[in-house]
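Student: Letter by letter, the chains look like this.
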Amino acid sequence: MVPWFYLAGKMVIGSSKKVVADQIEEVRRICALVVDDDPLVRRIHGMLLARYGLETEAAENGKEAVDLFLSGKTFDLVLMDMEMPVMDGLQATQRLRGMGVSSMIVGVTARGLEAEKEAFMATGLDACWVKPLNAEAIISVLDELAKKLL
Amino acid sequence: MEVDQLQRSFLEYSRLLFHEGFLDGQFSQLQLLQDESNPDFVLEVVSLFFEDSERLLNDLTIALDQQNVDFKKLDAHVHQFKGSSSSIGAQRVKNVCIAFRNLCDEQNAEGCLRCLQQVKQEYLLVKTKLEALLRLEQQIVAAGGAIPMLNEFC
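Residue numbers (the working numbering), protein chains in the order written: chain L, 43 to 192; chain X, 856 to 1009.
Take these hints with a grain of salt, some might be off.
BS3-like, lysine-lysine: derived pairs with alpha carbons at most 27 Å apart [claimed, not checked]: (1) Lys-105/L x Lys-928/X; (2) Lys-928/X x Lys-159/L; (3) Lys-115/L x Lys-105/L; (4) Lys-159/L x Lys-189/L; (5) Lys-115/L x Lys-190/L; (6) Lys-159/L x Lys-190/L; (7) Lys-159/L x Lys-927/X; (8) Lys-928/X x Lys-975/X; (9) Lys-105/L x Lys-927/X.
Worth flagging that the hints you see were computed from the coordinates, not collected in a lab.
In isolation and in its complexed conformation, chain L is listed as follows (with noise of 0.2 Å):
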């Protein structure tokens, strides 16, 4: 698998950039908070973003996330399902903007309606898939993080 991380600087994606150790001055791994009120759905596509290198923290519903960025934490990616209890993705991904959030929020849903993914990429989405993610949608959504960082 290809790790990704946040090099001197620049975000680097291991294999293709022949990273060796001592070009290593700083590294930060990128950090994403998974946002689904399903705990299978947060255990794999948790699991799907560490087995490209990132951290992962995982909350519940919306308010939880909203909750976690006011605590003064910061995600690089966000991966925010639609519908929740308590808070939904649509009000959330709204209230992280207003609050000046800018990480990449990325909308995951079931519902592959063409007016709901609008409806919720209105909101401030960076992109909107429909769930559950695979090892080639976490890459097209790594890939536009990159271009989001560099």
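Given the structure of chain L, go ahead and fit chain X onto it with the hints provided.
Tutor: Quick look at chain X alone, frame taken from chain L:
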């Protein structure tokens, strides 16, 4: 049984489950995520799926047992079940959920009852088969072997 014989049985049984549509590529993706640092990952997510499913089947039974069925609520439970079955790659359960949701849209109580029976049956079938597959996996590990991968379904 010898390790190579167990590994062959595992591959044959996995192939059968894919060919009969019980599992799809999502399950292979989960198998790929299992490694030395997470040796029980598949067992863990399959157990979460069983927990989710049993709770949701109970919720569905209660929702359909009402005199005035709340189809919106029923649909929300079916939607969740569709989500967890897709996450694990339980394809036949997921397909019944898709049909079930259409019947919720039509507010077809009789059709929904039929679908509930069907989804219960498909769930019990895939549960039995996943348990058998995991038993084989544990036997391979106990005998010191590695779990073979079915790359054609990834």
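Student: Now, for every hint given, state plainly whether the structure supports it.
Tutor: Comparing the hints with the structure gives:
1. Lys-105/L x Lys-928/X: Given that 27 Å is the threshold and the Cα spacing comes to 22 Å, the pair holds.
2. Lys-928/X x Lys-159/L: holds, 21 Å
3. Lys-115/L x Lys-105/L: Given pair Lys-115/L, Lys-105/L holds - Cα atoms ~14 Å apart, limit 27 Å.
4. Lys-159/L x Lys-189/L: Holds. Lys-159/L to Lys-189/L sits at ~23 Å (cutoff 27 Å).
5. Lys-115/L x Lys-190/L: holds, 19 Å
6. Lys-159/L x Lys-190/L: holds, 22 Å
7. Lys-159/L x Lys-927/X: The given pair, whose Cα atoms are some 20 Å apart, holds under the 27 Å limit.
8. Lys-928/X x Lys-975/X: holds, 18 Å
9. Lys-105/L x Lys-927/X: holds, 24 Å
In terms of the numbered hints stated before, the structure departs from none.
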